[in-house]
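*Asks:* From first to last, the protein sequence lines stand for chains P and V.
All letters in the first sequence, in the order written, are residues 5 to 55 by our numbering.
All letters in the second sequence, in the order written, are residues 8 to 148 by our numbering.
Hints in this document: simulated from the structure, not taken from any laboratory.
It is possible that part of the hints are untrue.
Computed, partial: chain V to chain P, Cβ under 10 Å [claimed, not checked]:
1. 38
2. 42
3. 146
None of these values were measured; they are calculated from a predicted model.
For each residue, glycine too, the CB sits at the ideal point set by N, CA and C.
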Amino acid sequence: MVEAIEFPHLAHKYDVSGVPKTVINETVQFVGAVTEAEFITQILNAESATP
Amino acid sequence: MALIAPKDKETIRDRFKVLAGQVKVVNFTQELECQFCGETRRLLEEIAETSEKISLEVYDFQIDQQIVERYGIDKIPATVIEGTKDYGLRFYGIPAGYETASLIEDIIDVSQGDSGLAHASREKLAGLTKPVHIQVLVTPT
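From just these sequences and the hints, can you work out the full model?
*Replies:* Right, dumping it as structure tokens:
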């Protein structure tokens, strides 16, 4: 967890316009709650997108 | 003044009846406490009081550099929830509002050594070959 208001440089870096904002490996980002299955898919996507 | 109301403290105490193994909560602050550092430390102290299974260690981000490095802490307030091993769980900033509930549920998961993930999810994640860094940015509500 990263509290966006206390770390404005991260809120700015990741362009947080809504919460929760999830950032995986700096390669995958999405806003809002997702199902567990969708979250797992995003983790796998992030791995394949990470050099 | 307490940050957690007596009634809520009872609710937390009740919720923690399911705790299994010891949990170490590691908090990083500094001598001149930043805006939310002191509040985070006090919140954790109050949570640690609710169960003998929870211990709290407080370190200084400026002074305790070896510990800061061991846990990979790069900003404060920071909170680590550690059980029989370090699962990589970190809370940066105050776990207030809904995040207090997340903190409590994380303490339970760590204590039980179980993420609660579905079997299918675990199977898929078992194929990961590199560590994954997940950040969830939230605002206190």
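*Asks:* With 10 Å as the cut and Cβ atoms as the points, is residue 146/V at the interface with chain P?
*Replies:* Status holds, d = 5 Å.
*Asks:* Do the numbers back the hint for residue 42/V, that is, is its least Cβ distance to chain P under 10 Å?
*Replies:* The hint holds - residue 42/V has a Cβ within 10 Å of chain P, the shortest such distance being about 7 Å.
*Asks:* Double-check residue 38/V for me: the hint is only fine if its C-beta lies closer than 10 Å to a C-beta in chain P.
*Replies:* violated, 19 Å
Consistency note: the structure conflicts with earlier hint 1 alone.
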